[in-house]
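Sequences and hints are given; from them, build the entire structure.
Chains as they are written, first to last, in our numbering: chain A, 109 to 542; chain B, 47 to 189.
A few of these clues could be false.
[What the hints assert, rightly or not] Straight-line C-alpha distance at most 25 Å; calculated DSS-like pairs for lysine-lysine: (1) B:K59 x A:K538; (2) A:K315 x A:K303; (3) A:K135 x A:K169; (4) A:K138 x A:K175; (5) B:K50 x B:K175; (6) B:K59 x A:K523; (7) A:K339 x A:K418; (8) A:K431 x A:K315; (9) B:K155 x B:K128; (10) A:K153 x A:K189; (11) B:K59 x A:K501; (12) A:K523 x B:K131.
Everything labelled a hint here was simulated from the structure, so no lab data went into it.
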Amino acid sequence: MERYYQKEIETLPVEEIKKLQSEKLVKQVKHVYENVPYYRDLMDKKGVKPEDIHGIEDLHKLPFLTKADLRDAYPYGLLAKPLKDCVRIQSTSGTTGRRVVAFYTQKDIDLWEDCCARAIVAAGGTEEDVCQVAYGYGLFTGGPGLNGGSHRVGCLTLPMSSGNTERQIQFMTDLKATILCCTPSYAAYIGETLKEQGYKPEDIPLKAGIFGAEPWTEEMRRGIEETLGIKAYDIYGLTETSGPGVAFECSEQTGMHINEDHFLAEIIDPDTGEVLPEGSKGELVFTSLDKEAFPLLRYRTRDICVLSRKPCSCGRTLIKMAKPMGRTDDMLIIRGVNVFPSQIETVLLNEGYQPNYQIVVDRVNNNDTFDVNVEMNPEQFTDTVSGITEMEKSLANAMKTMLGINPRVHLVAPKSITRSEGKAVRVIDKRKLI
Amino acid sequence: MSLKQLTVFVENKQGALVAITDTLATHNVNIRALSIADTRDFGILRLIVNDNATALKTLGDEGYLINTTDVVGVKIGDEPGKLSKALQVLDENNINMEYLYAFMSRTEKHAYVVLRVADNAAAEQALEKAGFHLITDADVAKL
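If you want it as structure tokens, here you go:
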């Protein structure tokens with residue numbers, strides 16, 4: 109039987125959710141307009157007043173906020189409460205520019221932790237469970253968010269933070285952790301380490317995992333589920349709106365329910381900003397309906413995804429978002445076709461390669477060239493040229509099936525792909541189109 | 047009976063090959079024979095050396111893609127027609143060949159041929175039956 113953390117909200121009829129969102133939006137726009145001069149200027153420039161917003165049908169009239177606005181307004185420009193009312197900050201890693209610092213009142217923290225608690229209960233968590241939180245603690249929202257959610261559910265919480273895999277495994281096995289919360293890549297790593305140490309899935313006490321904070325594929329999910337012997341649930345969030353728990357997966361595992369009572373979602377055309385109908389693929393935009401200290405209106409996430417109101421077998425009526433397919437800033441248009449690096453990654457994992465690759469796009473005689481360099485595993489290396497060219501051909505065919513266009517695949521030596529500050533450079537676009 | 051060849055993946059860029067031979071020289075590994083298969087993007091370097099273990103470790107530690115391949119080493123008299131005879135033996139026994147390369151002995155009047163065939167055991171058996179002498183890693187180390 110499906111269990112809910114806040115059943116009434118999670119199963120509220122759609123019309124009532126929309127009514128609730130409309131009421132909250134009207135209040136929130138007023139709060140922001142009165143307290144955030146930065147956003148008031150944006151609204152004034154667009155000629156919109158709080159009185160023009162009567163409900164969610166008027167949302168499209170409001171200006172967007174982007175990552176660039178957050179940088180411009182750093183650190184206090186988007187703060188809507190006096191600092192004396194704020195109790196916490198969290199921050200992004202700052203890998204793509206200046207850090208984002210988000211502020212929280214106690215109520216903001218409470219609602220955020222409720223969202224994480226909904227995710228834990230949807231993954232089968234109860235007060236009987238032992239929840240190992242192996243997300244980083246500190247400025248990163250992962251650890252604090254799931255930690256708070258785990259407390260609310262009443263799980264015995266193991267505040268491990270990330271890293272020190274030996275210690276993770278020791279606590280997991282000694283204290284019989286039943287739920288693991290971390291990034292999917294760390295879950296895969298813990299799984300591999302357990303396997304190397306001779307643990308079979310049935311020897312591992314875990315039953316569920318809540319994994320997020322980075323892109324991962326269905327293939328990765330299956331791999332983790334197999335090695336750990338668990339059911340793996342996706343969770344979505346971003347520091348700008350709160351942290352993990354903006355959306356979470358249920359037992360159906362076909363997308364994540366957005367906590368719509370707190371976060372109003374839209375899909376827009378990333379080029380025109382036009383709102384797209386349900387079911388369209390586009391950029392995900394969030395409006396925080398309840399945030400007091402750092403209430404972002406129409407924040408462009410740059411994540412490309414699809415929303416769906418199709419009824420869910422879990423009984424939740426909250427709208428579902430598909431796993432983001434990529435980011436607007438990642439998407440490449442090659443020979444007129446949209447290509448996301450995540451699609452290349454899926455093919456590589458399917459074909460038995462590590463996702464270590466680099467896409468090189470250029471334009472020669474007005475035609476796009478599309479090359480993919482892929483690091484070979486040592487065990488795939490053979491001593492004949494024909495052996496390697498065969499592998500390249502079969503990989504190129506698999507990519508063509510996925511993308512619809514034909515890349516040239518080049519197998520290269522392990523660790524030979526350029527890494528900048530530890531992160532591999534995935535895309536080199538040499539076309540000078542702008 | 048076994049002769050091990052080292053196979054190294056070489057990226058097609060300047061200095062790639064000299065970096066490998068330098069590493070081997072620094073660690074006192076002597077190259078007895080080599081062959082390179084090259085394409086536009088990469089090369090496959092095949093080596094017969096006097097000390098496989100050291101070569102594998104040092105090149106492996108430096109991040110090279112390297113493995114060993116079982117090949118057949120045959121001693122062949124240094125006179126016209128001897129290689130043909132060995133190849134005929136393989137042909138008669140329907141043994142397919144991927145590639146071969148050869149090197150000379152410094153002291154004896156002999157050539158050595160390294161053969162990469164589809165079926166090592168069958169090739170070794172057929173060549174020995176036809177009177178050829180096969181060489182092993184131990185022989186190469188002594189050369």
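Hints versus structure:
Under the criterion of a C-alpha separation no larger than 25 Å, the hint pairing K59 of chain B with K538 of chain A is consistent with the structure, at around 20 Å. A C-alpha spacing of about 16 Å is found between K315 of chain A and K303 of chain A, which places the hinted pair at or below 25 Å, so the restraint holds. Among the hinted pairs, K135 of chain A with K169 of chain A is consistent with the structure: their alpha-carbon atoms are about 16 Å apart, no more than 25 Å. Of the supplied pair hints, the one linking K138 of chain A and K175 of chain A holds, its CA atoms being roughly 22 Å apart against a limit of 25 Å.
Distance hint between K50 of chain B and K175 of chain B is fulfilled; the C-alpha atoms sit about 22 Å from each other, no more than 25 Å. Our distance criterion of 25 Å between C-alpha atoms is met by K59 of chain B and K523 of chain A, whose separation comes to about 16 Å. With a CA separation close to 23 Å, the supplied pair K339 of chain A and K418 of chain A stays within the 25 Å bound. At most 25 Å may separate the alpha-carbon atoms for a hinted pair to count; K431 of chain A and K315 of chain A meet this at roughly 22 Å.
With a C-alpha separation of about 13 Å, the suggested pairing of K155 of chain B with K128 of chain B holds against the 25 Å cut-off. A C-alpha spacing of about 23 Å is found between K153 of chain A and K189 of chain A, which places the hinted pair at or below 25 Å, so the restraint holds. Distance hint between K59 of chain B and K501 of chain A is fulfilled; the C-alpha atoms sit about 22 Å from each other, no more than 25 Å. Between K523 of chain A and K131 of chain B the alpha-carbon distance is near 45 Å, which puts this suggested pair outside the 25 Å criterion.
Taken one by one, the earlier hints fail for this structure only at number 12.
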